[in-house]
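Enquirer: Read top to bottom, the protein sequences are chains R and A. Residue 1 is where the first sequence starts when you use this note's numbering, and the numbers rise one by one after that. Residue 1001 is where the second sequence starts when you use this note's numbering, and the numbers rise one by one after that.
It should be emphasised that the hints constitute simulated quantities derived from the structure, not laboratory data. All values reported here derive from a predicted model rather than from experimental measurement. Note that CB positions come from ideal geometry on N, CA and C, so glycine has one too. Be aware that a few hints might be false.
Per label pair, the in silico range of CB-to-CB distance [stated by the list, open to error]:
| # | chain 1 | residue 1 | chain 2 | residue 2 | range |
| --- | --- | --- | --- | --- | --- |
| 1 | R | Asn276 | A | Leu1180 | 56 to 62 angstroms |
| 2 | R | Phe25 | A | Ala1312 | 32 to 38 angstroms |
| 3 | R | Pro143 | A | Leu1134 | 45 to 51 angstroms |
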Amino acid sequence: MVEQGSIAPMSGTPLLRVEGVRKRFGGVNALRGVSLEIRSGEVHALLGENGAGKSTLIKILSGVHVHDGGSIDIDGRPVSFASPAQSRDAGVAVVYQDLSLVESLSVADNLLLGREPKTRLGFLRKRQLVAQAEAFLKSQNIPLDARAMVGSLPFAYRQMTEIAKALMGDVRLLILDEPTSALTDDEEKILFEAIRAVAARGVGVIYVTHRLNEVFRISNRVTVFRDGQNAGTFVTAQTNMRQLVGAIVGPDHAVLKADGAASGQSVPSSPGPLANPVLELTDVGNDRLDRVNLELRGGEIHGLAGLIGSGRTEILQTIFGLRPVQSGGASLDGVPLRGSNPAAAIRQGIALVPEDRHVQGLVLEHSIERNLVLPRLREFSRFGWLRRGASSERADTAMRRLAVKAPSAATTVKNLSGGNQQKVVFGKWNEPRPRVLLLDEPTVGVDVGAREEIYGVIRGAAAAGSGVLLVSSDLSELLQLCDRISIVVDGRIIKTVSRQAFGSAEDLHHLIQISQPSEEHAA
Amino acid sequence: MAVNQPGGRLALLNLLQGERPYMLYIAFAIMLIVFSLASPWFLSVDNFLNIGRQTTLVSIIAVGMTFVIISRQIDLSVASTLALSGMSASLAMAFVANNWVVGAAAGLGTGALIGLINGVLTTRLEIPSFLVTLGTLSGARGLALMVTNTKPVIITNEYYFNIFGEGSVLGIPAPILWTLGVTVAGILLLHYSVYGRRVYAAGGNPTAALYSGVDIKRVTTLAFVLTGTLAGLASLILSARSHAARPDVVQGMELDVIASVILGGCSLFGGRGFVLGTLLGSLIIGTLNNGLVLLGVSSSLQLVIKGAIIVAAVAFTRR
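Next up, chain R with everything else stripped away, as it sits in the complex (with noise of 0.2 angstroms):
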């Protein structure tokens, strides 16, 4: 295996060498002349903000689209690949963010999908089929039950099935889409190991991200595109999280290079501990939580820490209405939560920001303004019809105010980017401002310069007024944004820290893992 941060044996010619490669979509450079060399055994990761150009350049690798100048080479030779299927037969693998498997199927179905081994009259030879998916995981070092079914694993060890069906046939070059998005720091070790062994093996590969850290633990090398053009190539050893956050934003963002994405330089103004509080939870229990108690206060970012799975988004969920309070008691303002629905929690003031955006958080077919007035519907009608101008009123200024960008108000929510659909699921919640805001991982997909512009939102709530809930698994987000961190395990919160007592993301990260039960993921 190879160790984090060593260089991978240096070979003649580079894997693969893309040169000044240009790509033009109608009137709009997407890419102008990007360069990019990957070596035999070594992880690369390649960081921009949304439109910098990381995707086209990965649909030109994966035969989606066809560059328009620059050269492309693999092991020296010239490429061009006119369709997927040529660009799987000279050994590029991409692994997208969605996953693609059949979960009612295990994992060895999966891995074969489409070419099981089967008798002369077509039935499957299912012993075979289990015995070719073993040896193919043995040889490349995964560790995977071959008989699992897919839809009973944890999400890391999907993202390795993935990993694991892309391999399947002669691999060059691994493309890997933002594979951790949802995943625990558990899960992402796991995860990367497996990528080690993967690269360990002579394997080129290539890792997109939006998360820093992730580039610190996993990469050897790092290269930056910035507006469809390099903006650096680093060792990562020898760089650090400020360059790479500079060269990702350029030299415009004065402000964010200042600030620093992860440092948490800027401290919140924390009126927390003065304020009275909006919401108590006192021993709430249902199937999923156990005597949680809480007290949120007014103008308080509030932080809930702990691994996918240990009831953080439960509590979120039973507190808007979307699950009963079953024993112990909750309140909002000192009044109880009402709360069997959510139609019941926004009447009292409580608004949801969930945790997958495409799924619960937008109907994505239809426009900015319908999505951004729908949990209000009411205060934009009289007896039942809808007054259309205040409508295209709010959602207006909801879009001014957000920064959202966008043509305008009637544009489907499905053409933005992962970060303006975020900041329209914000915006729902915006006006009249919530009496308490909760937030399931608000920035999971959303690039950095987005991301700042969402805590400035989540701040501005809280200087206004609201008592922000914030659940994340991103661990330099909770220390930068919150007045309190909560930390919960198995349902329960077990222990709360103020901004005084924080320590650093090691130490927080700590804390959570201190109280784990350890047999929790052996799939």
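Use these hints to put chain A onto chain R, whose structure you have.
Expert: Frame of chain R, contents of chain A only:
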């Protein structure tokens, strides 16, 4: 993608501009041209009034079906609901009081009740609406046949005939007026009311709608009640026209209704569609039926042609 935002005026524009309705428009025009060239009787006011009368039942129910399909459900029971509602209306007038109000209330009430049953079983017991309404399709038809032991019930109320069947205003027959009224009401409800917005949200993404505080169960149930009630209204129009209610009428009509809605641009995956498109869809199907009859095509062959054209049109206009 302009079809995504069917506001009232916008919807009218979409009828001419939007991608799929545009195709629909052309298809309709071509059909009119072909039939008028092929049959000298086709292009006449009388014949168009004829088409209007013949499509009334489908058009009216299809307005309700538009709500059901946009909210990501389906209602297969409408033809049976119509039959049972008609029996209920005629029996009420025969045995309770020979008053058109009593008949109308019984017919509409029966339709609404079956819609409510469909909606409640679908949303509360979480049985797919395809199965629930397949059940009520059979059950309601069976009940309709049972109440009179398959015999028709004669209606003798003149007011009833006038209001729902034979009357006219400014030369426009009552059934067509009812169709127009229901269409306008449907447009207002779907495109200008809070309820309409919720129907779109519930069908476009039920989870996001739930997370935004939309009571999806209620929204969906109401769509079924609306469709059932409109099937009841259609039963009044049909029985007023024939001066009797028969338990075995309009078998298989649910296919024409669903085809109209889909032809009119609704997505079977929910969240998309508009009322005017549905009306155009049902006119196309009605014109098709009418033209084929005028051309002397045998009724068996008519079914085959209609089926082929519906599948082809949907395949062609699908996104």
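Enquirer: Indicate, hint by hint, whether the structure satisfies it.
Expert: We went through each hint and held it up to the structure:
1. Range check, R/Asn276 to A/Leu1180: about 59 angstroms between beta-carbon atoms, so the 56 to 62 angstroms window is met.
2. Between R/Phe25 and A/Ala1312 the Cβ separation comes to about 34 angstroms, which falls inside the hinted range of 32 to 38 angstroms.
3. Remark: the range hint 45 to 51 angstroms for R/Pro143 to A/Leu1134 is upheld by a beta-carbon distance near 47 angstroms.
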